[in-house]
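Asker: Assemble the complex: chain A is given as a structure, and chain B must be docked to it using the hints.
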Amino acid sequence: MPDTSFTTSQLGHAYGSVAALHSLDVTVPRGRTGLVGANGAGKSTLIKTLLGIITPTMGSATVLGMDTRHNKIDIRSVVGYMPEGPCFPLDQTAADFLVYAAGTAGLPRQSARQRASDVLTLVGLNEERFRYLGDYSTGMKQRAKLAQAIVHDPQLVFLDEPTAGLDPSGREEMLDLIGRLGSFGIDVVVSSHVLRDIERTCDFVMMLDSGTLLHAGPLGTRVDADIVHVELIDGAAAFERALITAGAEVEGTGNRMAVRCDDGDVFDLIRDSAARSGASLLSLGASGSSLEDMFLHYGNRP
Amino acid sequence: MTSNLGAVYDLGYEPFEGERRGRKGAWLTVWADGLRRVLGLRRKARRKIMPWLLVAIAIIPPIIAVGVAFIIPAGAAEAIDLASQNADFFVLGGTIAILFTALAAPELLIPDRHDGVLSMLSSRPLTSTDYLSARFASLLSIVGAFLLLPQIVLFIGQAGTDPNGLLRGIVNAADTIPRILVVTAIYATAYVPLGFLVASFSKGKAIAASVYIAGMIALTAFGDAIVRNSTFTGGRWVALLAPINTADSANRWVFGSTDSNSLLAVADIHPSIGLLALVVIAVGASMFSVARYRRLM
Numbered sequence: 001m002p003d004t005s006f007t008t009s010q011l012g013h014a015y016g017s018v019a020a021l022h023s024l025d026v027t028v029p030r031g032r033t034g035l036v037g038a039n040g041a042g043k044s045t046l047i048k049t050l051l052g053i054i055t056p057t058m059g060s061a062t063v064l065g066m067d068t069r070h071n072k073i074d075i076r077s078v079v080g081y082m083p084e085g086p087c088f089p090l091d092q093t094a095a096d097f098l099v100y101a102a103g104t105a106g107l108p109r110q111s112a113r114q115r116a117s118d119v120l121t122l123v124g125l126n127e128e129r130f131r132y133l134g135d136y137s138t139g140m141k142q143r144a145k146l147a148q149a150i151v152h153d154p155q156l157v158f159l160d161e162p163t164a165g166l167d168p169s170g171r172e173e174m175l176d177l178i179g180r181l182g183s184f185g186i187d188v189v190v191s192s193h194v195l196r197d198i199e200r201t202c203d204f205v206m207m208l209d210s211g212t213l214l215h216a217g218p219l220g221t222r223v224d225a226d227i228v229h230v231e232l233i234d235g236a237a238a239f240e241r242a243l244i245t246a247g248a249e250v251e252g253t254g255n256r257m258a259v260r261c262d263d264g265d266v267f268d269l270i271r272d273s274a275a276r277s278g279a280s281l282l283s284l285g286a287s288g289s290s291l292e293d294m295f296l297h298y299g300n301r302p
Numbered sequence: 303m304t305s306n307l308g309a310v311y312d313l314g315y316e317p318f319e320g321e322r323r324g325r326k327g328a329w330l331t332v333w334a335d336g337l338r339r340v341l342g343l344r345r346k347a348r349r350k351i352m353p354w355l356l357v358a359i360a361i362i363p364p365i366i367a368v369g370v371a372f373i374i375p376a377g378a379a380e381a382i383d384l385a386s387q388n389a390d391f392f393v394l395g396g397t398i399a400i401l402f403t404a405l406a407a408p409e410l411l412i413p414d415r416h417d418g419v420l421s422m423l424s425s426r427p428l429t430s431t432d433y434l435s436a437r438f439a440s441l442l443s444i445v446g447a448f449l450l451l452p453q454i455v456l457f458i459g460q461a462g463t464d465p466n467g468l469l470r471g472i473v474n475a476a477d478t479i480p481r482i483l484v485v486t487a488i489y490a491t492a493y494v495p496l497g498f499l500v501a502s503f504s505k506g507k508a509i510a511a512s513v514y515i516a517g518m519i520a521l522t523a524f525g526d527a528i529v530r531n532s533t534f535t536g537g538r539w540v541a542l543l544a545p546i547n548t549a550d551s552a553n554r555w556v557f558g559s560t561d562s563n564s565l566l567a568v569a570d571i572h573p574s575i576g577l578l579a580l581v582v583i584a585v586g587a588s589m590f591s592v593a594r595y596r597r598l599m
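Each protein sequence line maps, in turn, to chains A and B. Sequential numbering from 1 applies to the first sequence in the working numbering. Sequential numbering from 303 applies to the second sequence in the working numbering.
By construction, these hints were calculated from the structure, which means they are not laboratory data. Don't take each hint at face value.
Ranges of calculated distance between the beta carbons of each label pair, as one might list FRET restraints [to be verified]:
| no. | chain 1 | residue 1 | chain 2 | residue 2 | range |
| --- | --- | --- | --- | --- | --- |
| 1 | A | D167 | B | A334 | 36 to 42 Å |
| 2 | A | T27 | B | G314 | 27 to 33 Å |
| 3 | B | I575 | A | G40 | 51 to 57 Å |
Glycine included, C-beta positions come from ideal geometry on N, C-alpha and C.
Isolated chain A, as found in the complex (with noise of 0.2 Å):
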């Protein structure tokens, strides 16, 4: 069994002249993955190569240590794919498609039955599984669309955008079932523009932002935890002199500034600076506390 999810190497796609995906380095472990971008991202593209679907035009990718170019049906056969989009056909039962799909993985007919009914139980279907699929709410079918990717059994599933058009209590459910596929043994990435879905599910994330990879990491580092950012309501130049004295380091202009300090509390060092330089505080806060920070962070430098 591969330790990583996937990897990539300088994996690199272009539609015609405009490029989606620029030279991605990555090693994802196994696990909960976020992938994190705003839409536009390359996040879909980056799923789609790493199912076969698009052929990268430079690089190369594997997924559970298999090459995409050339295992690709090695590749679907243990992964499972929710996109983003509608992926069943109206006119049939929930119960009738997830055969089909349970059925297109290579499961025998007898236990392609007994798995749609198994997993539209897990996903909340069960009393609805024998309506039309055209007849679902929006919720539902999002969860049609889960089951389908986990009705295989997979070893990986890609989730793309799942708590998509979904009201509050929707997406609670969504997660929380996204959340228990771990506990299943099925590693999970999940491609969303919503920090809070994937700060909620995953355990590694991974930014993408044009294209480009702005950071892969566990989600638990905090970044830069020593530098607490500072916004004054005057005297900020008083303040500045008194945490240099200090020993601080600062960097920001006017009366929004970044204190990091190597010895010591920050956060008491900014209190007695505040209180010597008679400096008025409007608020102050640690950086890297969230992936919206993390975010900002990365998206940010240069």
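Answerer: Okay, now just chain B, sitting in the frame of chain A:
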């Protein structure tokens, strides 16, 4: 004492450790789904109307012919010789099969593209060629069965009305079986790949059906106009572009009859050359369909 309170047991998730049939199993699943889809099985009732109506239209004339053959004794002036009816019923069945293909081919391909099912299939052990060949096989199977049904009725009637009894009748009629199968393959070769090609590129089912039917009629009309009125050398070869006429001529040739007014006869082209042209057109059309789907899956 037992409690009257219900209990919910979360059975959790069970990994699947059974047999996986891989690519072959996936192919068979797509093929079988194609058959069900065309016939409207496990779909809403209105989806069953058109295919089964066409089946009924194709099968009623031979049933009537067989019924008449049973009623009117052999040797009577009005008696029907079922043994000579195969080619005629193939021409009739072939005409209805054009409508059936126009209905079936779009049904097999267009909803999968329109509803995004191809996205789901992109995470399955299938290549685009696997998917397309499975759908093609579905269409070939269902159109083949559609063409065979009237012939099966005729065969049963032929055997049943044999004056020497049913068993002897089956033996006597058995020599038509290979010819029936060959002509079924000819009509399927003439109709299926072109229907598939149109469905591969069309956005809507109604558009695809209309384009296919209009195209088949237009090819026939064009070939007819050129062959019968052409003044330039080589114009007669245009007859090979009309698959309906070619299939009809080949049908009569296989059953040992001729139609001196058929397009191939007027163009002085042997039906065997027509068959070769059908195969070339079928291969070409299939290659275009494959190229189209390479970009989709």
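Asker: Check the following: the C-beta atoms of I575 of chain B and G40 of chain A are separated by a distance inside 51 to 57 Å.
Answerer: Hint holds: Cβ distance 56 Å, inside 51 to 57 Å.
Asker: Quick check: does the Cβ-Cβ distance between T27 of chain A and G314 of chain B fall within 27 to 33 Å?
Answerer: The hint (27 to 33 Å, Cβ to Cβ) holds, given that T27 of chain A and G314 of chain B are roughly 31 Å apart.
Asker: Does the beta carbon distance between D167 of chain A and A334 of chain B stay inside 36 to 42 Å, or does it fall outside?
Answerer: Check passed, 38 Å falls within 36 to 42 Å.
Hint violations for this structure: none, all hints satisfied.
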